[in-house]
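K.L.:
Read off the chains here:
There are 4 protein chains.
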Amino acid sequence: MIIIIKRGLKPENIQDVLNKIKELGASPHIVEGREQMTVSVLGKTEKISLNSFEVFPEIESVLRISKPFKLASLAAKPQGSEFNIKGVLFGPTHFNVMAGPCSVESENQTMRIAKAVKKAGATVLRGGAFKPRSSPYAFQGMGLDGLKILQMASKETGLPIVSEAMDYDGLKMMVDYVDIIQIGARNMQNFALLKELGKIDKPILLKRGMSATVEEWLMSAEYILAGGNSKVLLCERGIRSFDTQYSRNTLDLNVVPILKSLTHLPVVVDPSHGTGHRYLVAPMALAGMAAGADSLIVEVHDKPEEALSDGPQALLPSDFESLMEKIVGMGKIMGRNVQTSIPQKKVS
Amino acid sequence: MIIIIKRGLKPENIQDVLNKIKELGASPHIVEGREQMTVSVLGKTEKISLNSFEVFPEIESVLRISKPFKLASLAAKPQGSEFNIKGVLFGPTHFNVMAGPCSVESENQTMRIAKAVKKAGATVLRGGAFKPRSSPYAFQGMGLDGLKILQMASKETGLPIVSEAMDYDGLKMMVDYVDIIQIGARNMQNFALLKELGKIDKPILLKRGMSATVEEWLMSAEYILAGGNSKVLLCERGIRSFDTQYSRNTLDLNVVPILKSLTHLPVVVDPSHGTGHRYLVAPMALAGMAAGADSLIVEVHDKPEEALSDGPQALLPSDFESLMEKIVGMGKIMGRNVQTSIPQKKVS
Amino acid sequence: MIIIIKRGLKPENIQDVLNKIKELGASPHIVEGREQMTVSVLGKTEKISLNSFEVFPEIESVLRISKPFKLASLAAKPQGSEFNIKGVLFGPTHFNVMAGPCSVESENQTMRIAKAVKKAGATVLRGGAFKPRSSPYAFQGMGLDGLKILQMASKETGLPIVSEAMDYDGLKMMVDYVDIIQIGARNMQNFALLKELGKIDKPILLKRGMSATVEEWLMSAEYILAGGNSKVLLCERGIRSFDTQYSRNTLDLNVVPILKSLTHLPVVVDPSHGTGHRYLVAPMALAGMAAGADSLIVEVHDKPEEALSDGPQALLPSDFESLMEKIVGMGKIMGRNVQTSIPQKKVS
Amino acid sequence: MIIIIKRGLKPENIQDVLNKIKELGASPHIVEGREQMTVSVLGKTEKISLNSFEVFPEIESVLRISKPFKLASLAAKPQGSEFNIKGVLFGPTHFNVMAGPCSVESENQTMRIAKAVKKAGATVLRGGAFKPRSSPYAFQGMGLDGLKILQMASKETGLPIVSEAMDYDGLKMMVDYVDIIQIGARNMQNFALLKELGKIDKPILLKRGMSATVEEWLMSAEYILAGGNSKVLLCERGIRSFDTQYSRNTLDLNVVPILKSLTHLPVVVDPSHGTGHRYLVAPMALAGMAAGADSLIVEVHDKPEEALSDGPQALLPSDFESLMEKIVGMGKIMGRNVQTSIPQKKVS
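Residue numbers (this note's numbering), protein chains in the order written: chain A, 88 to 435; chain B, 88 to 435; chain C, 88 to 435; chain D, 88 to 435.
Hints may contain errors.
Identical copies go unnamed one by one, so any copy, or any two together, can satisfy a pair.
Unchecked claim - Simulated crosslink set (DSSO-like; lysine-lysine; CA at most 27 Å straight-line): (1) Lys390 - Lys131; (2) Lys157 - Lys134; (3) Lys413 - Lys390; (4) Lys164 - Lys154; (5) Lys289 - Lys93; (6) Lys259 - Lys282; (7) Lys97 - Lys390; (8) Lys259 - Lys235; (9) Lys173 - Lys419; (10) Lys173 - Lys289.
These aren't lab readings, by the way, just hints derived from the structure by calculation.
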């Protein structure tokens with residue numbers, strides 16, 4: 088941590104600051120520059136808040152040198168994390184595609200789509216039972232009935248399930264039905280929920296908040312890891328930007344190689360929410376893979392005009408099949424083993 | 088709702104779209120332009136999702152004409168809402184200032200600051216017992232003990248209390264101790280929590296999400312109103328922007344007169360979080376009032392260098408007194424009755 | 088300047104970096120932390136680019152301590168700059184309002200509006216002769232004829248003129264007709280033009296770019312100052328943000344007190360472009376003043392439905408009169424001498 | 088164009104609006120909804136400004152249906168544009184990579200790097216002679232001497248040259264030396280310069296402004312096309328976003344397939360400026376190609392620690408060679424003919 092002292096001050100003017108550093112268990116080291124003085128704070132500083140210093144009138148600003156995340160950092164596991172979820176491998180060597188409808192709408196719909204995405208090569212089935220909707224008047228999901236349908240689809244196809252939890256009650260309910268708990272963008276900094284996620288033994292797909300910085304996102308992952316749950320998948324799903332005329336969000340693929348340099352956690356890209364329009368999904372899925380993602384999550388619907396949510400961004404099963412073919416091809420260029428089926432013995 | 092049909096299509100090519108409109112209980116009205124056709128969807132359309140149409144390949148885009156929020160709209164209460172919270176009036180005629188420390192840190196600290204802000208003219212005491220912190224290693228608030236301290240401070244000073252709830256458990260606990268429930272920016276679209284807020288009988292201070300549009304914010308208020316709780320205060324606290332070198336957030340005061348034209352709910356400005364630096368708080372507090380806000384919420388601490396959170400943005404009590412004097416003066420220019428004390432009989 | 092070295096490296100691994108520091112005429116000072124080493128670069132560093140170091144593979148990041156702007160910094164003139172433009176005083180003590188139509192459309196229109204804004208208390212007449220338009224098919228301004236009309240209006244009313252230059256040719260033409268040269272947001276980083284502006288003897292109203300940081304803006308001012316022209320007025324006119332449904336731009340008033348803490352140059356607020364809608368102009372004009380601006384620039388048109396550009400954001404003369412009355416009142420609260428007329432002898 | 092009338096108004100209240108529509112040569116068509124009335128404006132509306140209507144107090148908002156760009160639209164050339172620049176083909180069938188140093192620094196440096204990028208498969212040499220720098224104290228480019236060096240490098244290698252013009256004088260100078268004129272992000276809306284570009288017979292590489300919408304960008308291209316120059320290449324180079332800690336800009340690859348659906352002009356991706364860090368360049372170059380770009384422009388330097396600008400984002404020649412190999416491989420997956428050499432006869 089480095090403290091920048093206001094211009095014109097001398098060491099004798101900053102005794103309060105130096106005392107505060109010592110009080111927090113660290114050591115100050117003063118460097119006098121031509122115009123301004125800086126003080127390096129040496130020792131264990133990761134749990135010291137920048138605020139502790141910014142408050143002093145003698146201080147211009149405070150900069151953190153060491154990263155505020157520890158458990159999530161690449162240094163904690165330089166070889167990268169690999170999670171085996173019912174035979175599906177998430178991590179540095181394998182590449183996996185999760186697919187399915189935005190919402191579970193009926194047993195028939197879910198079963199049809201589950202079979203279609205499995206046939207095309209998806210290894211995880213996605214589907215929402217609890218839906219975060221910006222309008223209280225919109226379809227809010229089938230709830231427990233939806234979870235039961237997902238479980239049936241999983242039994243039938245062997246695909247593990249990823250589905251979103253929106254609160255503690257949903258989370259408790261979900262633990263018995265799904266294999267990966269998704270946390271949506273709007274809940275990325277729902278700290279009460281993050282603490283609960285640290286206590287359960289299920290992998291978490293943590294979507295990036297719409298205007299979350301990379302560090303805030305990793306700090307949310309750190310909440311889960313610090314709580315005791317080491318299985319976190321980070322999912323980029325588009326950020327909010329100034330132009331929404333042609334795409335709902337701006338898929339920020341720069342973060343894919345950035346995360347790879349900062350954390351051991353697997354990185355997933357969601358080109359469906361990241362664009363909001365069907366014709367943009369396949370190009371951006373491939374772009375996400377080319378940028379170095381470990382996995383994709385894609386919405387697929389066979390009757391999008393009847394979908395109860397997000398129909399405009401759902402791929403048709405035939406489009407999804409074509410995409411999977413390109414993904415397999417690109418795996419060879421990228422040196423990635425694209426997993427397109429689940430080992431038999433793992434099927435429940 | 089207006090549907091824009093892709094160039095080159097004729098009425099006979101869009102039978103599916105016309106059927107869908109009728110199926111949803113509305114009526115289509117076709118207008119053929121020189122290059123493109125549009126279809127107006129007439130009838131009750133506010134609960135129809137844009138998605139229902141965007142999914143059709145014949146459609147270029149869909150525009151909503153009527154607002155998606157109803158209960159929160161100005162049309163629902165053109166004279167504006169006024170809430171009387173233990174004698175403090177929030178609404179079009181009065182102007183009120185809420186103030187206090189970021190966090191409740193001890194009985195002594197809270198009591199001292201409560202008395203100081205009351206003396207300067209604040210009519211509501213703010214103070215956090217549950218703190219949303221981006222790091223799991225930072226101070227998380229005193230919890231129930233903090234609520235008890237706030238209650239004592241309220242008894243002592245007569246000031247009603249505003250404090251933040253982060254989840255359902257905290258909310259239940261808080262209902263007996265505080266007068267206004269604050270919902271933080273990171274929970275503005277925590278829809279599960281919004282539904283709970285609709286069921287309680289306490290005013291809600293709903294902070295704007297860091298990248299929430301005006302409509303998303305009003306739709307979150309709509310969730311609470313639709314649930315049965317009509318007392319919502321909207322609080323602007325700064326949005327995320329591209330330059331954070333000199334201010335933590337960008338206080339978006341344009342939304343103050345915009346909200347006044349759209350909704351009957353009172354509008355509050357938070358210049359403390361909206362800037363993040365003490366020297367910016369007073370100018371931006373005055374700017375918020377000049378823009379037409381109904382109330383301010385300001386962080387005050389008498390020993391900011393000992394504060395456990397957000398010390399750098401807290402005003403000293405003496406700064407707050409000077410600010411209150413200017414606010415009273417500005418009330419005359421703005422035609423606003425600045426309330427600086429609580430009617431005696433209302434004090435519990 | 089502080090260089091953060093990658094984790095795990097020792098002083099002996101960074102000889103190249105230390106040599107580079109010396110080669111650039113500065114001295115390195117190494118501080119070894121628990122996890123990471125930093126190197127302070129001591130000496131005259133303001134003309135050293137961060138890039139010079141970021142390129143070394145041993146370096147994690149580089150931070151600048153001293154500001155990259157010197158001539159524009161408050162330290163260069165702690166009492167603030169005051170410019171006297173034909174009797175109109177821009178600076179820390181006076182407050183001035185510039186007003187007029189977006190575009191010069193005809194002699195009659197300009198003369199009518201000039202008289203109206205003078206009567207209401209404006210002390211500078213604004214009006215565009217060269218218009219930056221995003222469409223090549225839109226009205227591009229009257230050019231030289233517009234400048235001649237502005238000159239006539241200035242002679243008639245005594246008001247100095249502010250008008251926008253878009254390129255070197257327009258600039259040369261304009262120097263003989265106008266008193267303040269406006270540089271639009273889209274040209275804030277037109278460095279070729281900035282260099283020309285340094286060579287002329289006219290005050291420059293430098294608008295902030297739509298996504299310019301405070302430092303980039305001040306560096307653009309620095310270009311002009313470094314070229315030899317010391318008269319620069321900084322004008323906030325709204326930044327680009329994620330929500331444009333109800334306001335064209337987001338007026339960023341936080342920068343007003345921020346600039347006051349960083350530079351001696353006067354600060355102007357443009358509530359017309361900063362909002363884009365007439366009903367938002369007066370509240371945001373007052374908010375700008377309350378935030379501490381030294382001046383406002385406001386669009387006024389008496390027949391906005393006939394305006395060739397930006398009619399929707401123009402105030403009517405009667406609205407402008409009411410605004411001026413509030414501004415005079417607010418001047419007393421803010422301790423500002425609002426100038427509403429021009430000293431007789433200064434009129435040309 | 089569709090006009091949304093304020094709630095509660097009847098056709099008899101909007102005679103002024105209807106008259107204005109007729110006066111502008113179009114026809115009004117009224118649609119009365121349950122709550123609000125809309126008026127479709129039929130006829131040639133692309134040159135009518137939204138402002139013409141927004142100014143009326145009876146009007147809530149105005150929406151444009153037809154695109155404001157015509158010459159740049161895909162409808163104008165549905166098969167896509169293909170430009171042959173000294174044997175290098177830009178367009179839907181070929182894929183090309185432009186590469187070279189950020190700045191021309193010396194003959195020796197430019198010649199070395201030109202040979203290296205040609206050897207690796209680049210077909211156009213990039214290099215700046217005029218540099219847009221945010222600081223007036225930074226290296227501003229070699230100017231005419233730089234252009235002469237580029238010409239020599241072109242003669243030696245046969246590679247056509249792309250280089251940036253910053254103003255009219257530079258443009259005139261450059262026409263004799265370079266094959267493609269680059270317009271930087273900061274000049275995307277320098278309308279005076281865009282008009283000059285319309286008059287010359289050289290292809291223009293038009294970079295997207297840092298916060299330009301897709302429509303603003305296409306309107307800037309429209310300026311050039313409307314001026315008579317049909318050869319415009321659109322280059323995405325990263326937008327400004329809220330998180331700059333780990334990447335200088337946010338490369339917005341969503342726009343690649345969006346542009347492909349809107350315009351016939353070729354699309355280029357610049358992963359060097361789009362990220363600002365060497366380790367991010369190769370993944371994002373591949374991602375840009377996977378998203379459907381027609382070309383890449385990449386900074387390469389063999390001694391980045393000596394580069395006078397942007398060294399941290401330059402690839403080493405060996406990294407560039409590896410990247411080119413992956414690009415050729417990906418061309419097969421993407422169905423793209425990657426051009427890696429220039430037809431002999433075309434070499435001057």
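K.L.:
State for each hint whether it applies.
P.N.:
We went through each hint and held it up to the structure:
1. Lys390 - Lys131: between (56 Å within a copy, 25 Å between copies)
2. Lys157 - Lys134: within (10 Å within a copy, 36 Å between copies)
3. Lys413 - Lys390: within (23 Å within a copy, 37 Å between copies)
4. Lys164 - Lys154: within (15 Å within a copy, 38 Å between copies)
5. Lys289 - Lys93: Answer is neither; intra-copy 49 Å and inter-copy 34 Å both fail.
6. Lys259 - Lys282: Classified as both; 13 Å inside a copy, 18 Å across copies.
7. Lys97 - Lys390: between (71 Å within a copy, 24 Å between copies)
8. Lys259 - Lys235: within (14 Å within a copy, 30 Å between copies)
9. Lys173 - Lys419: Answer is within; shortest intra-copy Cα gap is 25 Å, inter-copy 34 Å.
10. Lys173 - Lys289: For lysine 173 and lysine 289, only the intra-copy Cα distance (12 Å) is at most 27 Å; the inter-copy one is 47 Å.
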